[in-house]
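Starting from the given sequences, assemble the full structure and let the hints guide the process.
Chains as they are written, first to last, in this note's numbering: chain A, 1 to 321; chain B, 1 to 417.
It is possible that part of the hints are untrue.
[Claimed, not checked] No farther apart than 27 Å at their CA atoms in a straight line, the calculated lysine-lysine pairs in the BS3-like style are these:
hint	chain 1	residue 1	chain 2	residue 2
1	A	152	B	153
2	A	314	A	271
3	A	144	B	384
4	B	126	B	153
5	B	315	A	144
6	A	314	B	126
7	A	311	B	315
[Claimed, not checked] To be clear about the criterion: a stretch of chain A counts as covered by chain B if any three or more of its residues have a C-beta under 8 Å from a C-beta of chain B, and this derived list gives those stretches:
hint	segment
8	142-148
9	203-216
10	247-254
11	272-285
Hints in this document: simulated from the structure, not taken from any laboratory.
Where a beta carbon is used, it is the ideal one built from N, C-alpha and C, also for glycine.
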Amino acid sequence: MELIIEEISRGHKLLGRHKFAQQNIRIGRGYQNDIILDDPHICPDHLSLDFNGEHWVVTDENSINGSFLEDGKRKADQHIVNSGDVITFGKSQIRVVFPEHPVAESVAFSPFESLINFARQPIALVASILLFTFVAGYIFHLEKTIDVPFTKLFVPAIGMTLLFALWPGAVALVSHLTKHDARVLSQLGIAFVFYNLMWVSDIFQSIVSFNLSANWPIAGLTALIPMALAFCLFWLNCYIGFHMTAKRRLVVSIALTALVFGGSFIVQLSKQPEFRAHPQYDATIMTPSFLFASGSSVETFIEDSNRLFSKATKAAQEDQD
Amino acid sequence: MKGFIAFCLCTVSFLSFGIEQAEQIFKQLAPSLYQIKIIDKASGEKSSIGSGFQITADGLIATNYHVISSYARHPQKYQIEFLDHQGKKGELSLQSVDVINDLALVKRSTEMPMQFFPIAEQAPEKGEELYSLGNPHDLGMIVVPGTYNGLKKESFNDRIHFTGSVNPGMSGGPVVNQKSQVVGINVATSGNQIGFLVPHDKLQALFDGYKVAPPASIEQQMAVQLAQNQEKLFSTILASDWTIKNLAEGNIPIIDVPFLRCWGESNADKTDALVLVAVANCALDEDTYLSSHFFTGAMDMEFRYMQAKELSDLKFYHLYKNRIRQAGSGNRAGKDDVSEYQCHHDIVSPTDSNNINKAVFCTRAYKDFPKLYDVLFLSASLDKNNKALISHFTVAGISQDNAMAFTKRFMESVSWN
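Okay, here's the thing in structure tokens:
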């Protein structure tokens, strides 16, 4: 009967796969073996697997460090192999599988595949990076209270772009180090598409808080948009860079999003003073072309403002209690 | 030559007469003059000092409210002590205050009737020589001669302009005329030889009120005084004419009262500035001291016109936004004094004009003085691509009704011309 032996790492990552048709397979450090493992804790003749007509049986060849089944510290010697058993010896592991061992169902291409393929096209990639750089430069330009030459904006804008390229670069590096495809271009492409979507969400948030009065606290809900975008970015980073189950991908992206936004929330919370002597209000204004609200009358504004007094009185009383 | 000698002699004799008289006044009045110390109970050391003077035979002493303010706000933490001209010490009890005019009455125990300062019945005449008494910088009691220069024109609550050095520590000391009658109380200085005094009639009024009925609680007394003062201030302001004036292309209100003083500035000389800015600012020249970190009664209005010079609309509005982002309160107040600000914002367009603005209104409540608030208002025009008009005011210690009446009138007075 044919037998498949997979060399796996301790984290169950596949290092090599061998298929054998013979009835006796020998494993060890010596060159005479069928599988030669370069692990100093393994004996030259360490282990053999024999087919006795019915079962495959493990025999430990009196090795120094012994052979064990993965589940606990049971000795592997004379163990009758079941498909999928993992045997540990030295610091190495193998997994033994029979040809009829079931495999996971085929995964259909995600609908994001076309987006990823589009984003990694050189033209699309260059365009989205240039767009990002241009917007960053424009924002630097807006912040300057005096006229500055173009080059003075160019340098920080490029710096900003390089800084933001670090994230997809780091993801690609990690997936390369974990024996996955690096896919640098896909990671870069997707990252910059989402960075640009973040700009769009910024503009949208500004328009909403500009047009809505304080009577519409739902304006705060628009803060969820960048969170959703960040989640999608992390999800795609995982999708491109690593083979993982859908559930795991979901957990990892939620965890990353929570880390980024929760972290900045905690930082803000820790910076909050005990008492704010200055008023906190929404001063968002945009050019008249972004103004869609019709505007309340002075009377309405006075009426709305009147409600603040009882709120302030209540706050003062609560503080004193 | 003879004439010159005679003039010199005259001057010398006049000067020596002045000094002699000052000495005589000082000697005669010294037993009724006190240094007042606020002692921090926990450390046993003085936390502030001032001067005071006795106004009745049974030991009632007048001083400034700000001298004893830390005791008035935290009676458990401090005690008030006096030190008389012979170096004797004793404890004082707080009887009554007038926070608006910065006066307080404290009392010492006496065994027999004592000498005291009579309060003048009439205001001095312009140019009249007066003598200010007090204990500057803890250096010992001194007497400073000076002249009466009438009442300060721009003040809402009367203050005497006294030409003479009033120094820190002299606060609460009396200013007497040549008949040794109290015509004023040292309260503030404004640099070289310019001092301000509380007129004697304010002290008389506080004393009369005290004789009728001493206040049940100092805090309540302060609350009533603050409420009455803002009522008086805003009924005057709301009843006055509001003249509409041009600030570049904007119309802004100038309230026709002497106690609101206006100043202006622009950057028209700076050719490299991206935005032309013209600012007009009108403010009340006084505020009410409640404690070293709590002031009220201030009022400030600011109008700012901005015009872009060869600037994209987006950039102009970005700079404009940064300008309106950080309006602060106009008075100092801490966690123990006020709540945090509560704010409202909206797009507002007054019905009788085609202006459209972003308006922000914020208020915070006083913890110890019910129904008094600090308010802040800011409005930013949104109808021109390259021009902007910001109107802003802060008022400290105002009632809700006055705040809203003032805000409404203020909002309706600002427009484009």
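Taking the hints in turn, this is what the structure says about them:
1. Note on residue 152 of chain A and residue 153 of chain B: the hinted pairing is violated, with a Cα-Cα distance of about 54 Å set against a maximum of 27 Å.
2. With a C-alpha separation of about 25 Å, the suggested pair residue 314 of chain A and residue 271 of chain A falls inside the 27 Å cut-off, and the hint holds.
3. Annotation: proposed proximity of residue 144 of chain A to residue 384 of chain B holds, straight-line Cα distance about 22 Å (limit 27 Å).
4. Our distance criterion of 27 Å between C-alpha atoms is met by residue 126 of chain B and residue 153 of chain B, whose separation comes to about 14 Å.
5. Proposed proximity of residue 315 of chain B and residue 144 of chain A is supported: the alpha carbons are some 9 Å apart, at most 27 Å.
6. Of the supplied pair hints, the one linking residue 314 of chain A and residue 126 of chain B is violated, its CA atoms being roughly 51 Å apart against a limit of 27 Å.
7. For the hint pairing residue 311 of chain A with residue 315 of chain B, the CA-to-CA distance comes to about 37 Å; that exceeds 27 Å, so the pair is violated.
8. For a cut-off of 8 Å, the count of residues in the segment 142-148 of chain A with a CB near a CB of chain B stands at 5, and the three-residue condition holds.
9. With a cut-off of 8 Å between beta carbons, the segment 203-216 of chain A has 5 residues touching chain B; three or more are needed, and the interface restraint holds.
10. Using a Cβ-Cβ cut-off of 8 Å, 0 residues of the segment 247-254 of chain A lie near chain B, which falls short of the minimum of three, so the contact claim is violated.
11. Counting residues of the segment 272-285 of chain A whose C-beta lies closer than 8 Å to any C-beta of chain B gives 12; at least three are required, and the coverage claim holds.
Hints 1, 6, 7 and 10, counting from the list given before, are not met by this structure.
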